[in-house]
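Please build the complex by placing chain B on the supplied structure of chain A, with the hints as guidance.
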Amino acid sequence: DAGVTQSPTHLIKTRGQHVTLRCSPISGHKSVSWYQQVLGQGPQFIFQYYEKEERGRGNFPDRFSARQFPNYSSELNVNALLLGDSALYLCASRPWTSGGKWPYEQYFGPGTRLTVT
Amino acid sequence: DQQVKQNSPSLSVQEGRISILNCDYTNSMFDYFLWYKKYPAEGPTFLISISSIKDKNEDGRFTVFLNKSAKHLSLHIVPSQPGDSAVYFCAANRNDKIIFGKGTRLHILP
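These protein sequence lines map, in sequence, to chains A and B.
Sequential numbering of the first sequence, starting at 1, is according to my numbering.
Sequential numbering of the second sequence, starting at 1001, is according to my numbering.
Just chain A, same shape as in the assembly (with noise of 0.2 Å):
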């Protein structure tokens, strides 16, 4: 089974300018969250999705956002983008189990590389 894949790889913006990244989850699971990791540090928290609907959110300001779609697919927004959203942006899915529960282990992707210059 294919893992959890992420686009692009790697990625240079300007100050100012807005970037969206996309995320497509492992097969069958339909919540997505995504993470900020800033060198030397763990990830942080941004958002999780699930069923379309936002589930949570981080300490992150409104220039973020996200989306998912039907496909459980996701997209991550940054607009007016900073030096300091410089990171790696990881998205990670989890199953959703019978009796709803959440299993709390979560399956990451590559991520993303955010440069802003």
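Please note that the accuracy of each hint is not assured.
[What the hints assert, rightly or not] Only pairs whose alpha carbons sit at most 20 Å apart, straight line, appear in this in silico SDA-like list of lysine to any residue:
#, chain 1, residue 1, chain 2, residue 2
1, B, K1097, A, V38
2, B, K1097, A, Y50
3, B, K1102, A, G40
4, B, K1056, A, H18
The hints are simulated quantities; they were obtained by calculation from the structure and are not laboratory data.
For chain B alone, kept in the frame of chain A given last:
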């Protein structure tokens, strides 16, 4: 305010010996803890987890210990192998939000 802390940025261990990675947390409402391993240019890979109602979970060479009174957990790898060289992240869950520590880089020496 770091709720999940990994105070050792790096650790070097001889091949075949035990590796012990430590993690402290501040929020007593965390209900689940996880360890992830990350190689360069790859996303984190889930290793092992433990519920807050347990004090030990074992999976092959990996064992996680949880001391709730001390708000401390540790990951033991026995025996350590060269392929274990990676960055290890401790993570904690509350309300479906997972919070990661900064990571510890483990070097396995030949």
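Against the structure, the hints come out as follows:
no.: 1; hint: K1097/B with V38/A; in the structure: holds, 18 Å
no.: 2; hint: K1097/B with Y50/A; in the structure: holds, 13 Å
no.: 3; hint: K1102/B with G40/A; in the structure: holds, 7 Å
no.: 4; hint: K1056/B with H18/A; in the structure: violated, 46 Å
In summary, the one numbered hint that this structure violates is 4.
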